[in-house]
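Protein chains in written order, with the working numbering: chain A, 1 to 115; chain B, 1 to 114.
Hint data in this document are derived by calculation from the structure and do not stem from the laboratory.
Any given hint could be a false lead.
Some chain A residues flagged as far from chain B (calculated, every beta-carbon gap over 12 Å) [to be verified]: (1) 16; (2) 19; (3) 28; (4) 52; (5) 61; (6) 73; (7) 76; (8) 81.
To be clear about the criterion: a stretch of chain A counts as covered by chain B if any three or more of its residues have a C-beta under 8 Å from a C-beta of chain B, and this derived list gives those stretches [stated by the list, open to error]: (9) 30 to 40; (10) 82 to 91; (11) 99 to 105.
Cβ coordinates follow ideal geometry from the N, Cα and C atoms, glycine included.
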Amino acid sequence: GAGVSQSPRYKVAKRGQDVALRCDPISGHVSLFWYQQALGQGPEFLTYFQNEAQLDKSGLPSDRFFAERPEGSVSTLKIQRTQQEDSAVYLCASSLARSSTDTQYFGPGTRLTVL
Amino acid sequence: AQSVTQPDIHITVSEGASLELRCNYSYGATPYLFWYVQSPGQGLQLLLKYFSGDTLVQGIKGFEAEFKRSQSSFNLRKPSVHWSDAAEYFCAVAPNSGYSTLTFGKGTMLLVSP
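Let the hints inform the model, and build the full structure from the sequences given.
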């Protein structure tokens, strides 16, 4: 079956531009996570949704970052006024339910380069 | 705060040789433990996970990992490495209650020599 998909796969933005990154989770998955992976680093948690509710946004690095999942399926991560330090791969993951024991399935990521 | 340490940034192993990738964690209680693999252009794929019970867990692609509470370690092993195993490997922890926000190590890049 279809896995987690993300679009675009690559995005180049000029500093100061706004960008929107899309995540399509596996159908029926309740939980959705966003992670940021800087070059040479492991992924770092950004935010968590349970259905349409954003239950944890403690990892968002600044108020320029905003995420939504209005209908409990597709999610969008928006970055306003991009800065060079925002350059990273943004990973989306989904899991079937709400438990720590549920496997997170990751998408291929969106590589954002801010010039 | 929880943290994960993968002390080896790169490891080179000859094809057919055994492999051990190290992972140490810092957490107030016993967390849930995971190993993921990331190939170029691919998403992270779960190799195996430990929640409780038998401390030796088997995963996909012939990998296994052993949880050692006394050493706060969860090392990944494979008895015979194949060239297709070349990738980056990440150890991760999650709290043993609530939802599963993963905390990852910085990763170990595995290179396989002929």
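Measuring Cβ to Cβ, find out whether residue 81 of chain A lies farther than 12 Å from everything in chain B. Fine: 27 Å to the nearest Cβ keeps residue 81 of chain A off the interface.
Just double-check residue 76 of chain A for me: nearest Cβ-Cβ distance to chain B has to come out over 12 Å. About 18 Å separates residue 76 of chain A from the closest Cβ of chain B, which puts it past 12 Å; holds.
Within 8 Å of chain B (C-beta), three or more residues of the stretch 99 to 105 of chain A: n = 7 at 8 Å, threshold three: holds.
Looking at residue 52 of chain A again, its CB stays over 12 Å from all of chain B? 15 Å, holds
Over 12 Å from every CB of chain B: does residue 61 of chain A meet that, or does the non-interface label fail? Label holds. Min Cβ-Cβ 16 Å, cutoff 12 Å.
Would the non-interface assignment of residue 73 of chain A survive a Cβ cutoff of 12 Å against chain B? 18 Å, holds
Check whether three or more residues of the stretch 82 to 91 of chain A sit with their beta carbon closer than 8 Å to a beta carbon of chain B. violated (count 1)
Three residues or more, CB to CB closer than 8 Å: is that satisfied between the stretch 30 to 40 of chain A and chain B? holds (count 4)
Was residue 16 of chain A rightly flagged as not at the interface, with every chain B Cβ beyond 12 Å? With a cut-off of 12 Å, residue 16 of chain A remains clear of chain B, as the shortest Cβ separation is near 29 Å.
Is the nearest Cβ of chain B still more than 12 Å from the Cβ of residue 19 of chain A? Consistent with the label, residue 19 of chain A stays out of reach of chain B, its closest Cβ about 20 Å off (over 12 Å).
Just want to verify: residue 28 of chain A was marked as not at the interface with chain B; is every Cβ pair farther apart than 12 Å? Non-interface label stands for residue 28 of chain A: nearest chain B Cβ at 17 Å, farther than 12 Å.
In this structure, the one hint that does not hold is number 10.
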